[in-house]
Each structure stands twice: as structure tokens, then as C-alpha cells.
Amino acid sequence: MPDAFRPVVAAARDRLPRVYGERLHSAYLYGSIPRGTARVGRSGLDLLVVLRDEPADADRQEARALGTALDREFAQIDGAGLLLHSRDGLLSTPERYDMGWFVACLCTPLLGEDLAARLPRYRPGDPLLARETNGDLALLLPRWRTRIAAAEDTEEARRPLMRSMSRHLVRTGFTLVMARWQGWTSDLREMAAAFGAYYPERAAQLSAAAVRGYEPTGDATVPRCYVDDLGPWPAGEYARVHGVKTPPRP
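Using the numbering used here, you'd call the opening residue of the sequence shown number 1357 and step up by one each time.
Derived from the structure by calculation, the hints contain no laboratory data. All values reported here derive from a predicted model rather than from experimental measurement. Glycine included, each C-beta is placed from N, C-alpha and C at the ideal position. Just to be clear, a hint being listed does not mean it is correct.
Pairwise CB distance ranges (calculated) [unchecked claim]:
| no. | residue 1 | residue 2 | range |
| --- | --- | --- | --- |
| 1 | G1592 | P1363 | 42 to 50 Å |
| 2 | A1425 | R1395 | 18 to 26 Å |
| 3 | R1379 | A1595 | 31 to 39 Å |
| 4 | A1560 | R1477 | 32 to 40 Å |
| 5 | R1477 | Y1554 | 21 to 29 Å |
| 6 | V1567 | E1512 | 17 to 25 Å |
Please model the entire structure based on the sequences and the hints provided.
In C-alpha cells, the structure reads:
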């Protein structure tokens, strides 16, 4: 971990127990900071927080407040995002090859018990893993259109939207080819390069999305391009190659 980011990580580790108390089961780092590739003033702090019970709306509000506070306090990060999940949810059958894989293979333990010990030993060539990890892009596209329409017409409002969509598209493109690539990574540029080796006709688009995943802009045309062109194409190809993710139980 780059030394510049150690105070940010220490602050998150200290504050999470204060926010969630005994309900906090564990917490993990992911992304460029634990990978050692974070850049001062450009990279965000990415945290996965696991509670002992199901997160409520109030918990998510607390997560957003903590992320905002960390972002304002530490100039070396560009945003702080906290994902919230329950322990039982992450260990459940529907999440075993989605968020369970994410925890076991792409996260670094920060606090509490490491749930990786309770999860399977994953293989990058497993088609079930590819399907269940990112086989839901087609379902997300209508939600993205709604978010685009509802977003304020400002660069500040569009940047986090672009960051989120860009990262999801790159990860979907990567898991589309992960079985053939025979490995996994959390580096967006490496993901885009792996994808481009198999789909050269879309390589430039995904490489550009990888850059925006790290350095989003306020260009209003990009999210619309995502939902009208770059998103529908991998959604269809994903369904053809791997199938569609198993829908959650009601």
C-alpha cells in the first residue's frame, strides 16, 4: 500500500466500528489502494463493509456520510465508496459465485473475520463463475437510463455516475473472457487489455471506459453512449457465451 494512503485506511478502520458497533462483522479494502497502484489525488478509497444482519436504508446513509467525510478530510483520495452487505447474504448460495468470489479473490481484509475461509476455492475457468458474477448487465441497463435521466445536469453529479458505469462495463467485459484468459485481476486497464485480445473491434471502447473508471469526466454524452451502444453489446454477447445470471429469489 502506498504510504500516502495509510492515514486514510487507518481512519476508515478506526471509524467503522464507531458507526456500526457490534453489528460490524468485517471490512475489506479493494481496488487500487491495496493493489499498490493508487495515485495521490486521483484514486478513490473502496471499502466493502459486512454487517451481521441485513443493511437498512439508515445503514447506507451512514456509509455515504462516512465516505463523504473521508473524502473531504483526506486530499489524497478522490472519493470514498462503501459497499454494504450482510454476512449471511455473502455466504448464501445466490452470492457464492458473485460477491462471495469478489470477497475471496479481489478483497484485502481490513477488520474482523475473513469470510474467504468459508467460501469455495474458485477457478477462473469456471463458466458458472463468469455467468453469476456479471451476467446481469441487461437488467442493469434500464436502471442506468433512469439514473441518467434523474441526475442533475452538472459535472459534479455526472462524474460518480460515469465512474460507476465505466467500472461495471469493464468488469463485465473482463469476466466475459476470464475463462479464456485463465486468471483474474482488479486492475481496470489490465481487464480492458485482456478483453481486447479477444474482441479487438471493441477494445478501444473498453480501454476508454477503463480510463474513465479511474478518472471520470463530466461529459454528458458518455453515459448515454454506454446505455445505447457499449452496454447492450456485451450484455448480448455475455448471454450468448455464458448465459444470464440466476435471478434472485423473491
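Okay, the hints, checked on the actual structure:
no.: 1; hint: G1592 - P1363: 42 to 50 Å; result: holds, 45 Å
no.: 2; hint: A1425 - R1395: 18 to 26 Å; result: holds, 22 Å
no.: 3; hint: R1379 - A1595: 31 to 39 Å; result: holds, 38 Å
no.: 4; hint: A1560 - R1477: 32 to 40 Å; result: holds, 36 Å
no.: 5; hint: R1477 - Y1554: 21 to 29 Å; result: holds, 26 Å
no.: 6; hint: V1567 - E1512: 17 to 25 Å; result: holds, 19 Å
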